[in-house]
Every structure is written in C-alpha cells, then in structure tokens.
Amino acid sequence: MRIRNFFTIFITSILTIICLYYIFSSIYTNENNIKNNNLNLGLDLKGGISLILDISEKDLLINLSEKSKNFLFLKALENAENKKKENSNIDYLSYFTNFFYKEKKNKKLNINLSSPEIFGNISNIEEIDSNITSDIDVEKFLRKKIESSIYTVQNILRSRIDQFGITQPNIQRIKNSNKILIELSGIKNIQRIKNILEKKAELHFFETYSIQDIFPFFTKINKYFTLNQKKSFIKLLNITKIKSSNIVGLVHKKDINVVSKFLNSIYVINSLPYSLYNIKFIWGYKSVSKNNLFQLFAIKTNEDEEFIHSLKGNIVVKAYKSFGTFNETYINIKMNQEGSKKWKIFTEKNIGKNIAIVLDNFVYACPIVNSVIPNGMSQISGHFSVQESNDLINILNTGELPTSVKIIQTEIVGPSLGKESIKKGILSFLIALLFVFIWMYIYYSIPGIYANIILIFNLIFIFGILISINAVLTFSGIAGIILTLAMSMDSNILIYEKIKENIINKIPLSISINNSYTFEGALSSIIDGQITTLLCGIILFYFGGTGPIKSFSITLIIGIIISLFTSICLGKLFLEWHLKKYNNIFFKKISIFNKKQDIQYNFLSKKRISYIFSSFILFISIFSIFNEGLNLGLDFVGGRSYIIRFDRKMIPEKVSEILSKTFIENGKKIYPSVKMFGNKNQLKITTKYKIWREDNDIEEEIMNKIFKSLKNFLPMSFMNFKSVEKNKHLGILSIEKIGPTIAKDMLNKAIISIIISLVVMFIYIFIRFKKWQFGLGAIIALIHDLIIIFGIFSFFQKKFPILEIDHAFIAALLTIIGYSINDTVIVYDKIRKISKKTLIMEKDIINEGIFSSLNRTINTSFVTLLVVSIIFIFGGIAIRSFMFALFIGIIVGTYSSIFLAPSIMYDFCKKNKK
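Residue numbers (the numbering used here): 199 to 1112.
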C-alpha cells in the first residue's frame, strides 16, 4: 500500500507541476505575444485567418491541351484572362469557348476544340475523337475536368492542412467559381502557410549543364549586357565564388530579377548555340549564404519529352526524413513501380553526372549519380530546417496539384461563436461547477469535497496536457471535456455508493473502502464503462477524419485516461489519508433509493410498456425525419456571404439577433453566422436564407433585408450600399456563395467511424459479459437514443429555429454516444455481479441489478443535467442548440439504460435458452 501511495503522490505531483507550468506559461505567453507552447483555440472560439485561393483554369486548359501552341487557343486564353482581371467571378470556360467560336467563325478557320493540336491529343483520346466529337461535347468534357480538378485541389489542400496540424479548418468552395475559401485558426507564420498551400508539388528530375559547358556562352552575351546595363553580367553571376561545377551562377537576391529577365530575353534565346538548344535556367529554392546569394542552374529540358513527363510528382509513393552523420537532414523519396523502372534508366544514363531535383521550378538538390538505382529511391539533401523538411514531406506525400493556385485575399476573422457568447459560456460553466461542488458536498459530505478536488485535478491535467502537445481546443473539444468530467464524477459516485452499501451491510469502514476499489466492488463498472467509451474515442480519432470529430476524440482520449487515474488512485489516496488521520469518514446516509426502505421495482414486468412507448416515440421521430426533414445548418448546406463595412464597431451576436427577425423562412427564424472580418467595423454575414434559390432576385431581397435591419449603422442609400466597388468606405465590399464546411467525404468518414465504433463496442461488451445479448441490447438502445435525438430536432425545428444540424450537433451526438454507452455498461455490470451465482438471467436478478444501480444512475444524470441546464440558460444563444441536444440525450440515455437495454438483453437471453 505504501508503494502504491508513493507512486500515486509522485505521479500526481509531477503531473501537477508540469501541467501548471504549461497553463501559467500559456497565460503569460498569450498576454505578452511570445511564441511558446500555449492552448490554441479553434476558429469557433478564437477566430483566425481567412484565405481565398484562386485555382488557375488557364493552367488546367494548357495541361489538357498538352501545352498547345495554336495561336487561336492562346488568343482565347488571353481573352479569358483579361476578362477575369476585370471580374474575378466570371465563368472562365464560357469566355474562353465563346471567343474561340467567334474568332473561328469570323476568320473562317478550319479548326475545332477537338483538333489534335488542341484537346484531341493522345492524353484525351478516350474522351475526344477529333473526327466525331463536337465542340459542345468538348466543352462539356472540359467543364467536367475543371470541376473534377477543383474537387481534387480541395482534397489535396485539406490533406496538407491536416498534416500541418490545424484542427477543424473551414474549407469551402465558393459556388459556381474556381475559388476556395479557407479559414484557419492559430496561424502565426502566414508566409509558411502560403508556401504550403500555393506549392503545386510538381516534381521533375533533369540532367544538368556544368559551368564549363556554359561559360563560353556567358562570355559571348556578357558584351551585349555590359553595353546596355553598364555592368558585367559575369560579375553579377559571381562565377569566381562557385565551388561546384553543376552551379552556373551565384546571384545576389537584389539581382535575381535582372538576371532572369536577361536570360529569358529574345536576344539570349536567339544567341543560343545548337549545343545548348534545350537549356533552361532555374534557381535554387533558397539562399546558400548569409550574403543572400542564390544558386543558378542550367538544366536540359526536352531531350526526351515523354520520359521527362513520366518522372513527375505523381510517381512518389512516400516521402520521409532521415539524418546524416553530422545530423544533416535528408528527404527520401520512394517511387512507384513505373517510376522505379524509369528512374533506373535515368540513373544508368547519368552515372558520374549531376541531376537536378526540381520542385515547382526550383532546384532543391543537385546530387551526383554514383551508381544505378534500381529500387526507385532518391534522396534530396540540403540545409533544411526541421520546419522546411516537414513541410516538404507534407507536400510530396499529399500529391501534386492538377493546376497552380494563388492566394488572392487574406483577412483576420473573429470567432464563429462570438466573443460575447464565449464569455457567457465560460461564466455559465463556472457557475455550473459551483453548483456541482455544492451538490456533491450536500449528498456525500467530506467525500464529496474530495470528489470536487479530483474534478479540479482533472481540469488541470486535461488543459495542461492539451497545451503541452500544442492541441487546438474547439467547441467539439469542450464537448469531450464535459463528457470526461461527467464520467470522472460518475466514477466517484459509483465508488461512494458502493462504500455506503457496504456500510449499510455492517462492513467496517476501512474494509468497505478497500472493497469498493476492487473489481468485485466498483472498479469493474468504472473500467468497463470508460474503456468502452475510450475505444469509441480511439476509433473516432483514426477513422473520423478531421474537424469536430478529431477534436472531440483527442480531448475524450486524454480525459478518460486522466479520469481513470484520478478517480481510482487519487480518490483512494484521499479517503485512506482521511481515515488514517481522523479515524472516521462521515458518509451522509442520503439515498434516492434504499433497499430497506423501498419496495424493489419490477422493471421487467413493465417492459411491454417501455417497448410500446419507445416504439411510439421512434415512429414519430422517423416519420418527422422523413416528412419534415432536418434543419441543416450552414455547415451542411453552405450559404450566401456578404462582407460589409459599417460606420462604427459592431457586435456580431447582436447583429445576428437583429437579422434573425428579418430572415424568416417557412415560419421560422434563420440565425445568420456573423463574424468580425478584418477591422472591428467590418463583418462577414453568412446566411442560408433561401439557399435553394439561384435567381438574382434573391440576392436583391437579402441585401434589402440586411440594409433595412441595419440602416442605423449605414448612413447611405440602398443603391450605394449594394454596389460592389473598389476602395469602398461603407456598405457591401464583396458577395460570395459558399459551399458547405462539412464536405460529403468528411460526413462519410464520420458515419463510417460511428458504425465501426458501434461494432467494436458490441465486441468488447460481448467479451467482457460473455453473452452477445448484452452487446446487442446496448447497441439497440444506443441507436434508439440517436434516432430520438434526430426526431426531436426534426419535430420541433419550426417552433425552435436554433435546433440546427451543424458541427456543434455532431459534437453533442458524439457526447451522447459516450454517455449513453457508459450508462448502459454500468447497469449491465451490476446485473453481471448478481448473476455470477447462476448462469440463468432470471427476472429477479436483472431487476435487482437495475435497482442497485439507480442511486448512481439518477445521481450522475442529475449532476450532468444540472451542468447542462445552467449552461443552456446562461450560456448565450450560440450554444443553446448544443446544450439542448445534450439535455435530451442524457434523459433519453438514462431511460434506455434502465428500461430498454436490460429488457432487450433479457428477451434475447430467454429466446436463446428456448
């Protein structure tokens, strides 16, 4: 016992010191803007940076045409680009094709979009036949390819952001355009995120020219350069400082543009000798000295065009990092089977020569080929920092973008929940904790105080660990914390109820405490309940993708591990210490249900009533879901977004409340999402009001509603308000129609992860309880709970418009799954302990098991409902939907764990026996 207590004190002390250090250092660094470990808050809690990326349709068309040089094709591209500069929201492809058709008709040209010199090439041969395919069909093909490419870009960018370590980013396509809106929280190095997002990841391998091959040519063109620029070109190249023959210049940063412009000039191109006909000059990716000198390379481009194109970024299977003898960083690239074959030929041809490894037109390495490489491995060596190497590996592993992207707008955005709602939420949470502390003291006296202290330790440990691993806390993460705190309190309640039961049975106090912390006591209930939820969290983490599910699962996993340690080890330490010091612990004999005073209720005799009641509620829920549908939020349906500048500082929550009185659809209010956007007098208002309508009249209607509702803050006419112009001081600055935040693939991952969780929970319960009927009863009860939650949100959506299905609802749903399964498993554990004396599931055994767990079940549910109710009342409108879902979920989950799951289990056991 002494050894166990020593380790408990040691681990608690170390954890407390470390976690408090991280918590206080996080507060200090946030106040002083010092970069250090701190608790990163998600977009919904803190806000972040908003980026709009423009996907180059021009590049896509050039690639699809295999870099066609046809004059009409190039002229049509130029026309579309010019139109795009005038209005970035144009339908690029329509302007391209319309100009093509017009010029073709006016000049009577015998050329089509399907011609081999444009899109009817070898790459598109399966889709386009130059003799049959009409221009209209080619246009459809191009539109399909552009849509597919934009979707691919969106997924690749999401993968890069995920590997960058940002939790729950908003990634939305701006509808009917080639733009993607990305909102990221916790970004400190904006330039780094720009590099990660804008890199196309186009990887090539080239043969190189040496300085000896190039120097005579440089001497020749130097005379022309000196004559025009009044300075030596060779001196600009710093050739005397070059130490490696594969480098042809070392140019200062300030001279790069001058050198590039000259080398790409018509004079230089026309002066090239035949031996250098395929030369291309290309820069190294970063400076190689403190003097800002950049390496210049000369590569051979079109010696074998087909081969060069085959050795592109899509051959990379895996990129990973390794370290050399002197701790220098290497990036290793593993190629696919086709790439490996061609890489072998390429290295065989260039033994003893330098080859350039080029990513997005910058040379990252130029190693010498010492031998043939048959296994498809290559290595990039350079003076990489840890950050640079990680970013490069991230980009290579996520794949090559089908086209280039460019960031065209960056702005700071406020939290989606709003600062006022967050303040109210925090205050209400603290009030709720105070009430829990009071209730636990009233119900358990001194042990209740220890349970409260354990709860405080849980909070310190959870937040300390989250800060130490640089986790991002989002609204979903808070849901995970609430669940783990409820389960931690539940563990203490289970132990205390077992101790009280032992005391009633005249067992000495010290023995009662020891027995309660054994598997025969309360330990099996605690571990089974929390392990089941932990497995759910692990599966959600691995299979749930990103966004709210990942944030929820991280806090859930950390919280459960912490609560198991504190409730079992720390809780016992406190009770034993108190008993040793004071020779007694007073447990108040308050019990909601007492075996000696109350007649045991025959739960199973009422199972038909439970089945009928549940079936009735399920029928109404399913009918309402199919008939009325669900009130899907912006996260699922997207909306229209307006960036508006006012004449003063605005409070987003109040603006949302004002606009909800105007945006009324099908008799219900629609609360728009309102965030600060850039300056404090600038807001981004996004509404799903009549999102199903596509006509221009709806845009006018929405703008009119916004103007009339907020005209006190807009001293201008409606015409001036709605006109979108450059350098505008007040009114609407931009209008976009954005897609959903939660994409279909994310939703599919969420559904798959929940299904896998249900299967794993069934298997675990089956293994632990030795009967498959236990697992089946638990899963059916859980599905019953989820359907009813959806049904209530569907049935009451018109009366209560805040009942939306959004990312907060998903967080609530995951919390309910964890809570409900924990509740059911604890009831099952009571039944198992009583039934150990017999292999038959008799009614009396099940009734006694349910009854003996009632004090714990009702007490835990009451404490959790108390917290949820206080936050619902005082926490502000932004989180009421979430809290309402939790409130209903806890009530339904408690009901199903008492009346439904045991009855289903009993009926299947009875059938199996027959």
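In case anyone wonders, no lab produced these hints; they're calculated from the structure. Incorrect hints may have been included.
Below, in silico cross-link-like pairs of lysine-lysine (PhoX-like), each with a Cα-Cα straight-line distance of 20 Å or less [as the list claims (entries may be wrong)]:
| hint | residue 1 | residue 2 |
| --- | --- | --- |
| 1 | Lys-540 | Lys-488 |
| 2 | Lys-484 | Lys-516 |
| 3 | Lys-852 | Lys-903 |
| 4 | Lys-459 | Lys-484 |
| 5 | Lys-516 | Lys-551 |
| 6 | Lys-428 | Lys-392 |
| 7 | Lys-441 | Lys-804 |
| 8 | Lys-888 | Lys-1041 |
| 9 | Lys-926 | Lys-888 |
| 10 | Lys-282 | Lys-373 |
| 11 | Lys-441 | Lys-373 |
| 12 | Lys-283 | Lys-484 |
| 13 | Lys-909 | Lys-920 |
| 14 | Lys-459 | Lys-428 |
| 15 | Lys-804 | Lys-542 |
| 16 | Lys-542 | Lys-392 |
| 17 | Lys-283 | Lys-302 |
Distance ranges between label pairs, derived from CB positions [claimed, not checked]:
| hint | residue 1 | residue 2 | range |
| --- | --- | --- | --- |
| 18 | Gly-522 | Phe-208 | 38 to 46 Å |
| 19 | Lys-392 | Tyr-219 | 29 to 37 Å |
| 20 | Asn-534 | Leu-425 | 35 to 43 Å |
| 21 | Asn-374 | Phe-824 | 18 to 26 Å |
Don't be surprised by glycine CBs; every beta carbon is placed ideally from N, CA and C.
Hint-by-hint comparison with the structure:
A distance of roughly 38 Å separates the Cα atoms of Lys-540 and Lys-488; the hinted pair therefore is violated under the 20 Å criterion. Annotation: proposed proximity of Lys-484 to Lys-516 is violated, straight-line Cα distance about 24 Å (limit 20 Å). Note on Lys-852 and Lys-903: the hinted pairing holds, with a Cα-Cα distance of about 16 Å set against a maximum of 20 Å. A hinted pair counts as satisfied when its Cα atoms are at most 20 Å apart, and Lys-459 with Lys-484 qualifies at roughly 19 Å.
For a cut-off of 20 Å, the pair hint linking Lys-516 to Lys-551 is broken: about 25 Å separates their Cα positions. For the hint pairing Lys-428 with Lys-392, the CA-to-CA distance comes to about 38 Å; that exceeds 20 Å, so the pair is violated. Using a Cα cut-off of 20 Å, the hinted pair Lys-441 and Lys-804 is violated, with the two alpha carbons roughly 90 Å apart. Simply put, Lys-888 and Lys-1041 have alpha-carbon atoms about 55 Å apart, too far for the 20 Å limit, and the pair is violated.
Restraint check: the Cα-Cα separation between Lys-926 and Lys-888 comes to about 28 Å, which exceeds 20 Å; the hinted pair is violated. Distance hint between Lys-282 and Lys-373 is fulfilled; the C-alpha atoms sit about 16 Å from each other, no more than 20 Å. In summary, the hint linking Lys-441 to Lys-373 is not supported, as the alpha carbons are separated by about 53 Å, beyond the 20 Å threshold. As the CA atoms of Lys-283 and Lys-484 are separated by approximately 31 Å, the hinted pair breaks the 20 Å bound.
For the given pair, Lys-909 sits about 12 Å from Lys-920 by alpha-carbon distance, which is consistent with the 20 Å threshold. In summary, the hint linking Lys-459 to Lys-428 is supported, as the alpha carbons are separated by about 16 Å, within the 20 Å threshold. For the suggested pair Lys-804 and Lys-542, the alpha carbons sit about 76 Å apart, so the restraint of at most 20 Å is broken. Of the supplied pair hints, the one linking Lys-542 and Lys-392 is violated, its CA atoms being roughly 35 Å apart against a limit of 20 Å.
Annotation: proposed proximity of Lys-283 to Lys-302 is violated, straight-line Cα distance about 24 Å (limit 20 Å). In this structure the hint that Gly-522 and Phe-208 lie 38 to 46 Å apart at CB holds, the actual value being about 40 Å. Against the hinted window of 29 to 37 Å, the Cβ-Cβ separation of Lys-392 and Tyr-219 comes to about 34 Å, which satisfies the hint. At about 51 Å, the CB distance of Asn-534 to Leu-425 disagrees with the hint of 35 to 43 Å.
For Asn-374 paired with Phe-824, a C-beta distance near 31 Å fails the hint of 18 to 26 Å.
Violated hints, in rising order: 1, 2, 5, 6, 7, 8, 9, 11, 12, 15, 16, 17, 20, 21; the structure is consistent with all others.
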